[in-house]
Amino acid sequence: MLTYSDKVKEHFINPRNVGVLADATVVGEVGSMATGQALKLYLKLDEGEVIRDAKFQVFGSPSAIAASSALTEMLKGKNIDEAARITADNISEFLGGLPPEKMHTCVMSMEALEVAYARHRGIELETELDEDAEMHICRCYSVPEHKIERAIRDNGLTSIEEITHFTKAGGGCTSCHVDLKMILERVHADKPAEVKKTPVTPRVGADASTLEKMKAIQDVLDREVRPGLAMDGGDMELVDVQGNKVYVSLHGHCNSCASSTTTMKFFVEDRLREMVDPEIVVIDTTEHSDELHAPPMR
Amino acid sequence: MTDRPIYLDNNSTTFPAPEAVEAVLPLFGDIYGNPSSSHSFGQKVRHQIELARENVAKLLNCKSGEVVFNSGATEGNNTAIYAALDGMPDRKHIITTGVEHASVLEVIRYLEEAGYRITELNVDRMGHIDLDELKNEISGDTALVSLMWANNETGVINPINAAGDIAKQFGALFHVDAVQAAGKLKIDLTDESAVDYLTISGHKFHGLKGAGALFVREKAPYLPLLRGGHHEDGRRAGTENAMGIVAMGAAAALINREMPEHIEQMKKMRDRLQAGLLSACDDVIINGDQQDRLPNTLNAGFKYIDGEALLMMMDAANIAVSAGSACKSGSMEPSHVLMAMNVPLSAIHGSVRFCVSRYTEPEEVDAAVEQTAAIVKRLREMSPFGHAEQRENGLSAEALEKHKSYFATA
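Heads up: the sequence lines are chains A and B, in that order.
Taking the numbering used here, the leading residue of the first sequence gets 1, the next gets one more, and so forth.
Taking the numbering used here, the leading residue of the second sequence gets 1, the next gets one more, and so forth.
Since the hints were derived computationally from the structure, they do not count as laboratory data.
From the three backbone atoms N, C-alpha and C, an ideal C-beta is built for every residue, glycine too.
Hints are all accurate, no fakes.
Here are the in silico distance ranges between beta carbons for each label pair:
#, chain 1, residue 1, chain 2, residue 2, range
1, A, Ser159, B, Arg4, 43 to 53 Å
2, A, Lys181, B, Glu261, 51 to 61 Å
3, B, Ala280, A, Lys181, 39 to 49 Å
4, A, Ser159, B, Glu192, 47 to 57 Å
Sequences are here, hints too, so could you generate the full structure?
Printed below as a string of structure tokens:
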């Protein structure tokens, strides 16, 4: 038997926002009876494109119900562009973590959101392929190839078991395992070989003063992080450095978008660990407008 | 939410019969000797074990010398398969079915890697094997035919006697996993029976966990799985699980006395449950044959909902059932039994197994029906497929079409 967190159980037994939103601005739907799970997500946006209400209908396992409930809670009050950045991992985190076998339920929630977003923005998605059974790698759960490829890329999957956890593909009769193995190999071969970047800033030695370290960190932020954020109308400020702890805060467009700060934290941490000190831990001190969605501090 | 928990998962394990518990209590006190010891302490326990052996032999209608006590069905199935193959060194073919319990299927699939040729017989939509397929596949090279008497998920009963006769015609050994049959069907292993090995487990018929028995016909080849002592006539080394064995003996004695009433009682409750569910819920199908079926088992597929969701909500409402899906290594895999029966995945999703026991009461059945219906309704209201008008015109029309056409023929 799978073990679910208390939060998953709670969202499963008392799901929030179940039902149809008659005056929805946009609807995103994914899944089918044949795949064993389906989600229909209703969003109501105000003039400022902020999600005022979100509801859902779901067919699926306890975690599919909990993930849908969690997603609607995460969406409310967010601008649609911020909302679109919510990942499957964010949903899982919100629920205190899902068993790996059930990650596909968070992926489904994220996909419903993607469909709603694309529809709202008039972007065409690759979904027409989904309807064609000939294109399905996994016939049991009707999973098309592009979905498997994407799951491998987005989540760095390395085994057939992980593919099943994220997409359900291969979880039925197992006859597609040969194909999954080939896709896995192909995707990993496609991936450009990781170029070892020569650190521009030499690593700061263990005996470096806090001031030296701070300068090195500021240098990395200025070159690697802030230009990217500026493009989205945001900024990051270095607040303090204490030992290996690097305190930062987000400004502008970024500070209300709690979900993306998790991604941001890991990105920044990664860069700083490579270029300054492998022990660095980044701590986000931004006061988020919505505390409920603040990422867990470590 | 019901006041006291209702247990409808009796193919997984059963309530220990008060008579079985009572029989064991002295073993927690003065009767504690090692049954292999020749002093009076040991002989008192030996006596209890031999009484149990007689009761189990009576349950199987065999000689008491043909009963080997062990730790349960997994050990019994493993032992029988290895013993049979060891006794037939010149034959390299094994026949089984795709719907066996893992303790048969995984052993046999492992043996495939060791060079045996394996045939897994198909089952039809009703869960039946085809005896003609058995006749076509069996040959002088077949060492062993291993079949379950009744399936744990659907309750569907195999034609054991007819299959055994075919095995005998080709000189193959015949093993039967009778874990679900014991206490629910008449078992008769007199010399006319073609069965060479038969497995049972005490906790499936109101004994305790950790004790089972393997029937080994007098003339059948045998090879102990565990060595290191003369216990069980050298057939199973290790100090006997006296408490488990005594409880199993007492549980067998009860069945020997009252089996027709037990069967009648279980069947009445199962039928009440089935009728109740069919009238309280729309869009339910019964998986597996309804005639050749254990008296206590009901496998029901609820359309448009997920079985695990149903199961967990029922657990929250204090009712224990199990999903058609087995939880192997923590992962929710679709039931290999329903897959082998070619039940479409769309119908496997909402399949749940209800199993009553002779202790199940009408009030419990009625409460379970009421709760199940309420939860099914709630989950369907939550589902994008659950509303008639949405089913008719909306979402994933193509998938729904496929789904409907299946249920129209089911």
